[in-house]
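**Q** First residue of the sequence shown? That's 1 in the working numbering, and the numbers climb one at a time after it.
Take these hints with a grain of salt, some might be off.
Computed Cβ-Cβ distance ranges for the label pairs, DEER-style [unchecked claim]:
#: 1; residue 1: PHE33; residue 2: LEU94; range: 26 to 36 Å
#: 2; residue 1: LYS88; residue 2: THR4; range: 51 to 61 Å
#: 3; residue 1: PHE39; residue 2: SER121; range: 23 to 33 Å
#: 4; residue 1: ARG86; residue 2: ALA45; range: 54 to 64 Å
#: 5; residue 1: GLY29; residue 2: SER83; range: 42 to 52 Å
#: 6; residue 1: LEU94; residue 2: VAL119; range: 20 to 30 Å
Since the hints were made in silico from the structure, they are not lab data. Virtual Cβ for every residue (Gly too), placed ideally from N, Cα, C.
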Amino acid sequence: MKQTFLRFERATTGLTMLAACAMLALAAGLGMFQIITRFVLERPAEWTEVLIRFSLIWMVFLGIPAAFRQGAMVSVDVLYRWSPPRIKRVLDYLVTVAALALVAVIIWWGWDYAQRGKVQSMIGLENVSMFWAYLAMPVGGVFCVIGILGNLLDPQRLELETAQ
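Please work from the sequences and hints to get the whole structure.
**A** Following this line, the structure appears as structure tokens:
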């Protein structure tokens with residue numbers, strides 16, 4: 001069961017990182033397009049600013065699960081280094097519960113924002129609902145839960161290993 005979940009977690013975290021990288025590439029491409037249309041063609045495309053902003057938001061919320069999986073988001077470095085092994089496992093559970101509580105709030109309120117944003121349209125893209133922008137919070141939150149649980153089952157303390 002544990003190995004099956006960890007394989008599932010690896011696949012979902014890899015997928016979210018791929019999507020986050022795609023969002024960064026999209027933002028960079030749209031930024032270049034905006035520069036060309038504004039300063040070379042002198043006919044700015046207003047819609048690019050909005051899409052850049054929202055692709056960066058999606059990039060962040062899709063990249064966070066990988067940070068949780070690596071143990072780099074909620075970190076209690078000093079306590080962890082000074083604690084005996086039994087206390088370290090208690091700290092793992094405390095950090096997991098705190099992270100899950102935070103992510104639960106993000107999922108709950110993110111979904112609420114997305115529902116309320118259905119009636120709004122994006123400036124510059126009047127045919128697109130704000131629902132799609134706000135949806136980044138609950139979607140990223142769901143993937144964060146998987147990464148948090150994966151880190152609890154198979155801790156990767158990459159920030160502790162690289163710290164001096």
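**Q** Hint says 23 to 33 Å; check whether the CB-CB distance for PHE39 and SER121 agrees.
**A** Taking Cβ atoms as reference, PHE39 and SER121 lie about 28 Å apart, which means the hint holds.
**Q** Quick one: are ARG86 and ALA45 within 54 to 64 Å, going by C-beta?
**A** The hint (54 to 64 Å, Cβ to Cβ) holds, given that ARG86 and ALA45 are roughly 59 Å apart.
**Q** With respect to the beta-carbon atoms only, verify the hint that PHE33 and LEU94 lie 26 to 36 Å apart.
**A** violated (47 Å)
**Q** Does the beta carbon distance between LYS88 and THR4 stay inside 51 to 61 Å, or does it fall outside?
**A** violated (26 Å)
**Q** Between GLY29 and SER83, does the beta-carbon spacing fit 42 to 52 Å?
**A** holds (46 Å)
**Q** Verify the CB-CB distance for LEU94 and VAL119 against the hinted window 20 to 30 Å.
**A** Once the Cβ atoms are compared, 40 Å apart, the range 20 to 30 Å for VAL119 and LEU94 is violated.
The earlier numbered hints that this structure contradicts are 1, 2 and 6.
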